[in-house]
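Given only the sequences and the hints, what does the whole structure look like? Please build it.
Here are the chains, one letter per residue:
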Amino acid sequence: MAVETRQGHTFGDRMPRKEDGRFIRGRGKYVDDLQLPGMLHSAILRSPFAHARINGIDVSAALEHPKVRAVITGKDLEEQGLAWMPTIAGDTQAVLATDKVRFQGQEVAFVVADDRYSAQDALELIEVDYEPLPVIVETPRALDPEAPVIRDDKAEQTNNVIFEWDHGDKEATERAFREADVTVKQEMIYPRVHPAPMETCGAVADYDVGTGKMTLWVTSQAPHAHRTLAAIVTGLAEQQIRVISPDIGGGFGNKVPIYPGYVCVAVASLVLGRPVKWMESRAENLMSTSFARDYHMVGEIAATKDGNILGVRVDVLSDHGAFNAHAQPGDIWPMGFFAIFPSCYDAPAAYAEATGVYSNKAPGGIAYRCSFRVTEAIYLMERTMDVLADELGMDPVELRRKNLIPAEKQPYESVMGWTYDGGDYHAALDEALRIADYPALLEEQREAREQGRIMGIGVSTFTEIVGAGPKKKCHIAGLEMFDSAELRMHPTGKAVLKIGVQSQGQGHETTFAQIVAGELGIPAEDVEVHHGDTDHTPYGLGTYGSRSTPVGGAAAAVVSRKVREKAKKIAAHLLEAAEGDLEWENGGFQVKGSPNQRKEMAEIAFAAYTNTPPDEEAGLEGVAYYDPPEMTYPFGAYVCVVEIDKGTGQVEVKRFIAVDDCGVRINPMIVEGQIHGGLAQGIGTALMEVIQFDEEGNHLNSNFMDYLIPTSMEVPKVWETGETVTPSTHHPLGARGVAESPTVGSPAAVVNAVVDALSPYGVRHVDMPLTPSKVWGVLRENGVEPF
Amino acid sequence: MQVPAQFDYEVAASVEEAIELLRRHGPEARILAGGHSLIPMMKLRLAFPEVLIDIHELDGELRYVREDDGVLRVGALARHRDLLESPVVQGRYTLLADAEKFIADPLVRNMGTVGGSFAHADPSEDLPAAFVALGAEVVVRGPGGERTIAVEDLALGPFETALDPDEILTEARVPRAPQGSSYFKVERRAGDYASAALGVALWMSGDEIEDARVGMCGVGSTTLRAKEAEEVLKGQEPDEGLYKRAAEKAAQECDPPDDARGTPEYKRDLVRVLVVRAMEQAVGRARGAEDRTADGR
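So the protein sequences, as listed, match chains A and B. The first sequence begins at 1 in the numbering used here and counts up by one. The second sequence begins at 1001 in the numbering used here and counts up by one.
It is worth saying that the hints were derived from the structure and are not from the lab. Hints may be right or wrong, so weigh each one.
[Claimed, not checked] With a cut-off of at most 25 angstroms between alpha-carbon atoms, the simulated SDA-like pairs for lysine to any residue come out as follows:
(1) B/Lys1227 x A/Pro786
(2) B/Lys1043 x A/Asn698
(3) B/Lys1244 x A/Asp645
(4) A/Lys774 x A/Ala448
(5) A/Lys774 x B/Gln1252
(6) A/Lys213 x A/Gly235
(7) A/Lys717 x A/Gly673
(8) A/Lys646 x B/Glu1265
[What the hints assert, rightly or not] Distance ranges between label pairs, derived from CB positions:
(9) B/Val1108 x A/Pro406: 52 to 58 angstroms
(10) B/Asp1105 x A/Pro406: 47 to 53 angstroms
(11) B/Asp1105 x A/Lys305: 48 to 54 angstroms
(12) A/Gly417 x B/Asn1110: 53 to 59 angstroms
(13) A/Ser712 x B/Asp1207: 39 to 45 angstroms
(14) A/Asp430 x B/Asn1110: 44 to 50 angstroms
(15) B/Val1108 x A/Glu528: 37 to 43 angstroms
[What the hints assert, rightly or not] Selected chain B positions facing chain A (Cβ under 7 angstroms, derived; list incomplete):
(16) Gln1002
(17) Val1003
(18) Arg1188
(19) Arg1189
(20) Ala1190
(21) Gly1262
(22) Leu1270
(23) Val1273
Idealized CB from N, CA, C, for every residue including glycine.
Dropping the structure here:
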């Protein structure tokens, strides 16, 4: 329970979220809540075909609709050089199709009308002459020599390969495999899933004809980066663009890219001189905005006969859809941080190679609640570890324990070139096993099996890699990945903190206030946090890849300390003491050895505007741009217990134990909330989620009746969370990002549990999602009868 | 935001007026009751009614759940929630409460209506299957007066009923309460339509099953009645071997679609499993045994 003290809340407290008052009462202000005088509405005509040549578009009937104000096609945009836009992966993406459509749901025309209904009605009046082309849905088919070339718009593109990449020491890894007692190899698919935020994507563009200023309210996880990209794409001067991300109803990576709708509203507002709103439907969100995963992987481990890992080898075929809009922190990372795959294990050799391909599916490859392909990497490793345990006849826990990086090797230099920032992985695993009561679980499983029940226990241990920068290593479209905070104390001791990262539900207004509170000795209630308005916040790269706390949070701590330095000068002046004689104690400055001679922050702040030292400027404020020396590596140990109904194939997650170490916790309640949500999403991925297509490329589940996400009924009634706290070796607060660990670590724990349940029947792997019908098929194939 | 195509809108002040409006506007008019199936279909532009005739003001006439002289009468505007919470239903028509727990979510159950469940004729709808097991009929009223249709004869195909365009469904009637009943459903996730679902109702004579009915959904192009399975059960003393024989028949009597929920083989196997489970529970209830929790819910 939250405990409120007279002084209010500070760093480390379970402070109730400042945001929740408005969110719980339905008073949040989202893009779709915006109503501007004279605002027009819009709708996008989308391709019914997955691959087709466009021979012509006739918009004349739509233009005759009495309430239609404009119809924009790719041809119109082409004249302005705006038919194509850059993606964050350095590729190009059609804003509105000119030559071909390349996935079902692709944007073809944009209708602006007096109201949303008329815009939608007018879509049915547009005639498009499509010439259907052969379609690639099955990823491996993209590599067929006779496969149609999807990106024939690019002169250099003669096949469907986007990139070929490798990383690690190939020779050393091959040697490890040659010399190993035991090797295992497992193919697996991490299916194409969707982040599915509750709020779909949308934007309102308001071009002010009088001032020449364009204001864009947009569902963006990275408003500053979007402003810069908008300036580059449209040619508008950057100071004439103001991007506002108001309350955002969930992002999970889905709101990192720029979508064609954003460009279209901006163009429409420029042309019409009126505000224009575009808000996509659920179906549009699921069909056309960025998906995640779609990795076709082979994992191999070489080990000694007693289970010491000698090498790890990985081969990946990654499907990026029609345009490569994959999220990557710079062009040297076509696989994001996938190279983290040896993870928390002390692997002496590792090597990965990968091929990225185009297909006739929606563009993307976004980091869905994960830091740039870490989820895929950890799933691959954790599944392959269980396959190795099975091969060795070893308890998966013992195999992990044997190979976890020992705490004394931290900060650990991995063979893949990462420098970990501390961690005691054995302690986290022990804690998870303690909560789970692992010996009792094994006994329970033995009894269940005697009774003919199918129960499984799955374990996953992992490290994440989050918090990009450092800026020398990471950038988004050339923008280096630092982040920022600007802090100003008001005369009455209250403060305003402006940050470059952007909350989509993470609770920044609370945790960032707690950071300042902890550094300055004022209540978090007295710190107002501003974000999401590029005219009023310092430049930042936004929130994704769990980078807010590692980078933005560090900036907030650093700027608070800068302000505290100036406060010390003022305190010295007020106390008529030398600065060197003062000490910071309990939220104020006092003369060493005489605690009665003391000034609280509120008094110092007042003096900053009324009684400054002679050699100091008035005011008490600062700004910090923080470039992290390294990424942070939160880690965890998860245990999942499932029971399978052998009659129906239904999997019930009976228990889920999650021990996370994200270093020092700024607000443990928010950390736990993040973990609960991420675990639910991980269970959804493991058990039910997959974007499905038929062989013609028709999207088969573009609504929440067909694209299943878990409800409270599919998750355990109680999440059994635990923690270990190993401070980050380099973060100013000792903190790491946490929100993505549960999504990264949990799918493997669930699948490992299901496979463990089925292992007495000879099952070693089943691909996600583990739907009842799929599990039923595995049961019956292996001779398990319903009664 | 998903928005429907244009339509006209009328509000009926009585059942008689609703019938008159249906007659006047012809076959492209639709009754709007809870709207929890029709409106999503309109927003997805899968349904394009020209006129909606809103009957939400007819609660006084059509919203009730009561037993008169041993006959259960459920008004067309009774909400799912009314059925779920009715002590009569919980006590004597238990499979209806079982089924209701599986239907969508509390928000839909607050708004969605029993009449809508029948008139929508979705082959995956749970309530018609449960009512088939109860041997129920529906009452429909048109310009020529009232008639009744057995629930199993109501759907002619997916989303198609035996109602004339100017008829309105007003009531569901169960002529006699069973001694034991049960409804089981397999769904991919809470609130999903059935991968397979079925209800059984048993009328006992001492230890013998005098009469039995089995209603199924999600396993054919309409709600189905497993008549051959019923024949296996009738006149027999319940035991597991009997349940399995009936289950085998029911599995043969369905014709499940191949879709995202699974293959026909999978769904037939579910029917096999669910008949046995539903029989065990219904017999237990008929014997006054402890209620076994339906599928952990």
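Here's how the hints hold up against the structure:
1. B/Lys1227 x A/Pro786: Answer holds: B/Lys1227 to A/Pro786 is near 23 angstroms, not above 25 angstroms.
2. B/Lys1043 x A/Asn698: Cα-Cα ~20 angstroms, so holds.
3. B/Lys1244 x A/Asp645: holds, 18 angstroms
4. A/Lys774 x A/Ala448: holds, 22 angstroms
5. A/Lys774 x B/Gln1252: holds, 22 angstroms
6. A/Lys213 x A/Gly235: Measuring from Cα to Cα gives roughly 13 angstroms; hence the hint holds.
7. A/Lys717 x A/Gly673: holds, 14 angstroms
8. A/Lys646 x B/Glu1265: Given that 25 angstroms is the threshold and the Cα spacing comes to 15 angstroms, the pair holds.
9. B/Val1108 x A/Pro406: 52 to 58 angstroms: holds, 54 angstroms
10. B/Asp1105 x A/Pro406: 47 to 53 angstroms: holds, 49 angstroms
11. B/Asp1105 x A/Lys305: 48 to 54 angstroms: Given a distance of about 53 angstroms, which is inside 48 to 54 angstroms, the answer is holds.
12. A/Gly417 x B/Asn1110: 53 to 59 angstroms: holds, 57 angstroms
13. A/Ser712 x B/Asp1207: 39 to 45 angstroms: About 42 angstroms separates the Cβ atoms of A/Ser712 and B/Asp1207, which means 39 to 45 angstroms holds.
14. A/Asp430 x B/Asn1110: 44 to 50 angstroms: holds, 47 angstroms
15. B/Val1108 x A/Glu528: 37 to 43 angstroms: holds, 40 angstroms
16. Gln1002: Holds. Min distance 4 angstroms.
17. Val1003: holds, 5 angstroms
18. Arg1188: Holds: closest Cβ of chain A sits about 6 angstroms from B/Arg1188, inside 7 angstroms.
19. Arg1189: Status holds, d = 5 angstroms.
20. Ala1190: Cβ of B/Ala1190 sits 4 angstroms from chain A, so the hint holds.
21. Gly1262: holds, 3 angstroms
22. Leu1270: With a closest approach of 6 angstroms, the B/Leu1270 hint holds.
23. Val1273: holds, 4 angstroms
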